[in-house]
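Undergrad: Sequential numbering of the sequence shown, starting at 1, is according to UniProt numbering.
Hints are supplied without guarantee of correctness; some may be wrong.
[To be verified] Pairwise CB distance ranges, derived in the manner of DEER restraints:
# : residue 1 : residue 2 : range
1 : N45       : V17       : 18 to 26 angstroms
2 : R43       : K67       : 35 to 43 angstroms
3 : N45       : T121      : 27 to 35 angstroms
4 : L4        : Y53       : 14 to 22 angstroms
5 : F51       : I80       : 12 to 20 angstroms
6 : V17       : R69       : 17 to 25 angstroms
7 : N99       : V71       : 20 to 28 angstroms
8 : R69       : P46       : 26 to 34 angstroms
Rather than coming from a laboratory, the hints here were simulated on the basis of the structure.
We put the CB at the ideal spot given by N, CA and C, even for glycine.
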Amino acid sequence: MSQLIKKIIISTIVLLVLDFTFLSVNKTAFENEVISVQRVIMRMNPVGAFFSYLFIIFAINYFILLKNRPVFEAAILGLIINGVYESTNYAIFKKWSANLAIMDTIWGGFLFALTTQITYTLSNL
1 MSQLIKKIII STIVLLVLDF TFLSVNKTAF ENEVISVQRV IMRMNPVGAF
51 FSYLFIIFAI NYFILLKNRP VFEAAILGLI INGVYESTNY AIFKKWSANL
101 AIMDTIWGGF LFALTTQITY TLSNL
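Given only the sequences and the hints, what does the whole structure look like? Please build it.
TA: Written as structure tokens, this is what we have:
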């Protein structure tokens, strides 16, 4: 198997496992936020979720992993991606929490950094 395919597979699995774990642990915070904004319970749109993760996985692979960029740069990219998403929510939704926006932005940096480190480690085994 080529290094490229190996990195894509590893990074996809790692990123999804880490993010689903984070979202499961913080499910109540996100549900409460959506309820305060929409006044209805959160219902995930599977097509939207699929494309969101497709773009995220493409970004980390194209900009970081395929070019063997350092983990620090992965953290910056994750901060930027989640920061744009969260600051947009904060700008357009009157009741979007600054605390949740900050938490999720920081998580983006951590998610990308950890995914990158684990992918580099496992792809070299």
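Undergrad: Broken hints, numbered, in rising order?
TA: none
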